[in-house]
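Chemist: Protein chains in written order, with the numbering used here: chain Y, 1 to 215; chain S, 1 to 215.
A couple of the hints might just be wrong.
[As the list claims (entries may be wrong)] The following label-pair restraints were derived from C-beta to C-beta distances:
1) S:A163 with Y:G145: 48 to 58 Å
2) Y:T124 with S:L23: 54 to 64 Å
3) S:A194 with Y:G53: 21 to 31 Å
These are computed hints drawn from the structure, not numbers from a lab. Cβ atoms here follow ideal geometry from the backbone N, Cα and C, with glycine treated the same way.
Protein chains: 2
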Amino acid sequence: MSKLTFDITMSLDGFVAGPNPTLEEPLGEGGERLHEWLVDLASWRKTHGLEGGATNPDSEILEESVARNGAILMGRRMFSSGAGPWEDDPKADGWWGENPPFHTPVFVLTQHAREPVEKQGGTTYVFVTDGIEAALEEARAAAGGKDVAIDGGASVVQEYLRAGLVDEFQVHVAPLFLGGGVRLFEALGGDLPALKVTRMVESPAVTHLRYEVEK
Amino acid sequence: MSKLTFDITMSLDGFVAGPNPTLEEPLGEGGERLHEWLVDLASWRKTHGLEGGATNPDSEILEESVARNGAILMGRRMFSSGAGPWEDDPKADGWWGENPPFHTPVFVLTQHAREPVEKQGGTTYVFVTDGIEAALEEARAAAGGKDVAIDGGASVVQEYLRAGLVDEFQVHVAPLFLGGGVRLFEALGGDLPALKVTRMVESPAVTHLRYEVEK
């Protein structure tokens, strides 16, 4: 059965982006440090069309997640940093260029309707204006039996958690403090899901904690 | 060399106490759930004068911390939930009765001077009114070469982190959301310490993450 998951890197103080994001620094001040564990991995490089890189447990964990996912859900703000009409958005085609690292359909939650945009390498951006449940339904249909992953941002993860729709998730805890920015886990609502740890993998670069949401 | 450390249980969403603490529920709503992993452990029971209990990696980790600590630092609010003059404080002798589980000197940070209070089993409460550095100095002198541990609360941990005085710490991540309450890591200031993961131990009940603060 196709699961709804997310895989997100969080600082030890709970942030998934630093303070004061800009178009030049979309992850905020210091936010890029969250992803230092990723960029040299063979599996990360492969999704970005690059060869080589480190093969280690971190790389295997990323590879495993990538292999499981048949479709991606993403908030508009993560997709482009924008919020208003698409014609005013300098990053209207997303942050990831002509051959994005997703290689699956990506369902972007937005208030502003738009035709799908097909990129190279299997990535199609589909814009969904009728809410998180409709987006999940479309993503599930597109995932061909594989899982659907919420890529972010934090507020979209929180919406799906509050709605009780998340089945499983993995938090990659980076050994650093950001001191401010966007918290992954807040505004979770009054009906908090119960969790079960299902795996933990350690590396000097990051700690991978996987949880199942008890239903 | 005697280190300054702390060992604190945190929910996955970053809280060390739940919302709305009261005298009946000093850890706030749901806060007691943070310590579920502790109360059946042989090492926890031993510090509380009880026999039996589970011997497992969780118990060993607690035992190791207890063995390392020669003195404890604690905020007034953690000590008694109070803030004003001691004569108005219904918990002026702390939460832990006549034979507290510390078995070392405990240095309580307070605005209100008071003579030390000796309890059974090696615990003496010493009240320090001249700030965190003076308290640390006194605690170091009392620790006899062993480490000094900050027991809490969060704001005291944050003060010592901001002052660059913490050498090492362990966060026990409980697999649950509290949804609100007191965050362990916030208000860390602008000069954020760099961290190195030094150990990770997994159990179904809790994840133990140990960090060294790079100096």
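Chemist: Now tell me if each hint is right for this structure.
Modeler: Results of checking the hints against the structure:
{"no.": "1", "hint": "S:A163 with Y:G145: 48 to 58 Å", "verdict": "54 Å, holds"}
{"no.": "2", "hint": "Y:T124 with S:L23: 54 to 64 Å", "verdict": "58 Å, holds"}
{"no.": "3", "hint": "S:A194 with Y:G53: 21 to 31 Å", "verdict": "25 Å, holds"}
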